[in-house]
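Trainee: Chain by chain, the residues:
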Amino acid sequence: MTRSVWGSVSIQRVVVAVSVAVLVGATTNVRAQQAATQDPAQASAAKQPEDPFKLTSDQPTLIILQVKPEKAADFASMWEDIKAGLSKSQKPDVKAFADTLKVSRVDIPEATMAAQPSAPAIFLIRCDPASTQFSYNPVPLIYTYDPDVFGKREDQDKVYDKMKDALVSYNIWKLKKVIGG
Amino acid sequence: MRAAAALLLALSGLLSQAFGSGGGSGRQTPVPGVPASSAANYAFPSGAGMLFFYVKPDKTADFEAVTARLADLLDRTDDPVGKQQAAGWRVLKSLESTQGQTIYVFYFDPAVAGADYDPVKWLSRAEAADVQPLYAKLKDATIRVERMGLMRIR
Chain A
267 MTRSVWGSVS IQRVVVAVSV AVLVGATTNV RAQQAATQDP AQASAAKQPE DPFKLTSDQP
327 TLIILQVKPE KAADFASMWE DIKAGLSKSQ KPDVKAFADT LKVSRVDIPE ATMAAQPSAP
387 AIFLIRCDPA STQFSYNPVP LIYTYDPDVF GKREDQDKVY DKMKDALVSY NIWKLKKVIG
447 G
Chain B
37 MRAAAALLLA LSGLLSQAFG SGGGSGRQTP VPGVPASSAA NYAFPSGAGM LFFYVKPDKT
97 ADFEAVTARL ADLLDRTDDP VGKQQAAGWR VLKSLESTQG QTIYVFYFDP AVAGADYDPV
157 KWLSRAEAAD VQPLYAKLKD ATIRVERMGL MRIR
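Protein sequences, first through last, are from chains A and B.
First residue of the first sequence? That's 267 in my numbering, and the numbers climb one at a time after it.
First residue of the second sequence? That's 37 in my numbering, and the numbers climb one at a time after it.
Extracted from the complex, chain A is given alone in its bound form (with noise of 0.2 Å):
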């Protein structure tokens, strides 16, 4: 796929919608890669499915991602590349928005970790105060706002890579400020 094929407005709705669906889960999942794999003008034909990590209002926010423990490393990669590579953007919006982007994993004892080998990772995304412009959600974050700062789509896909079959469950928990910031 050439990468002006790849920056059609169709071809980026059916990659977000595999993105989301990856994130939902597996049932989702198998729906979207049919849906990948069609035409595009098929697949932009076809209705997508609401984008969950795309907020609806800047209330506060806590995204709560569970991963795969033998995936947390390559996840947290991956947000590391997101935020260093947005950072750069020239584009003031997207750079305003990775400037606030806060990634955090939550830090369970090695000997906690060691008893429950298979427990996923937990991290959790702070939106706070949450866009509505942006979604959190990696796929948009790496292929639609500005994908040339994480160069060319090789490059662009190796950030993507890090994700994929890493999500085993998401919790949006939609809270209200009391003080600070």
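Just so you know, these hints were derived from the structure itself, not from any lab.
Be aware that a few hints might be false.
[Stated by the list, open to error] Capping the alpha-carbon separation at 25 Å, the derived lysine to any residue pairs in SDA-like fashion look like this: (1) A:K349 <-> B:P146; (2) A:K442 <-> B:Q135; (3) A:K440 <-> B:G124; (4) A:K368 <-> A:Q399; (5) A:K440 <-> B:A97; (6) A:K418 <-> A:D431; (7) B:K119 <-> A:P395; (8) A:K443 <-> B:E100; (9) A:K443 <-> B:A123.
For chain A, the structure is supplied; the task is to place chain B on it using the hints.
Mentor: Just chain B now, with coordinates in the frame of chain A:
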């Protein structure tokens, strides 16, 4: 979007999963003001962290009055370390109650390594006559506190 109850249940699972052996992140900490509390329960050497305060639903006004006073003390501190703590200190409230509890999240990001984030120690900086009523309100409102250390992804 999933039901909020499921979200909170998942978070609770996340915490209990981290309890396990070895202490550290995700462990339950004493209710502030109880003598057994130690600085280690309220420190975040990993550079960020959270405290979850489970509050009686009928005591949220009291709890928020205490946090308002805490915010005032944080705003007015002249202590350089305290100013750094204040800059990264947020208090957030869950929009939904779960199992008869209202959850408040004290979020420290960045957390000052080695600093003590025990809110009671901050409240002790209030005027002497106010301290005991603040303690009493906080203690009465709080069911339990849980701690979670975080490692920031740069």
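Trainee: Between K368 (chain A) and Q399 (chain A), does the CA-CA distance stay at or below 25 Å?
Mentor: holds, 16 Å
Trainee: Under the criterion that the straight-line Cα-Cα distance not exceed 25 Å, is the pair K119 (chain B), P395 (chain A) satisfied?
Mentor: holds, 21 Å
Trainee: Checking one constraint from the list: CA of K443 (chain A) to CA of A123 (chain B), max 25 Å. Satisfied?
Mentor: The hint holds at about 15 Å.
Trainee: Given the hint that K443 (chain A) pairs with E100 (chain B), does the C-alpha gap stay at or below 25 Å?
Mentor: Distance ~11 Å between K443 (chain A) and E100 (chain B) Cα, so the pair holds.
Trainee: Would the pair K442 (chain A) and Q135 (chain B) pass a check requiring their Cα atoms to be no farther apart than 25 Å?
Mentor: Distance of about 19 Å is within 25 Å: holds.
Trainee: K440 (chain A) and G124 (chain B): Cα distance at most 25 Å?
Mentor: holds, 20 Å
Trainee: Going straight from one Cα to the other, do K349 (chain A) and P146 (chain B) come out at no more than 25 Å?
Mentor: holds, 17 Å
Trainee: For a C-alpha distance cap of 25 Å, please report whether K440 (chain A) and A97 (chain B) respect it.
Mentor: Holds, at roughly 20 Å.
Trainee: Compare the distance between the alpha carbons of K418 (chain A) and D431 (chain A) with 25 Å, and conclude whether the hinted pair is satisfied.
Mentor: holds, 23 Å
When held up to the earlier numbered hints, the structure conflicts with none and fits them all.
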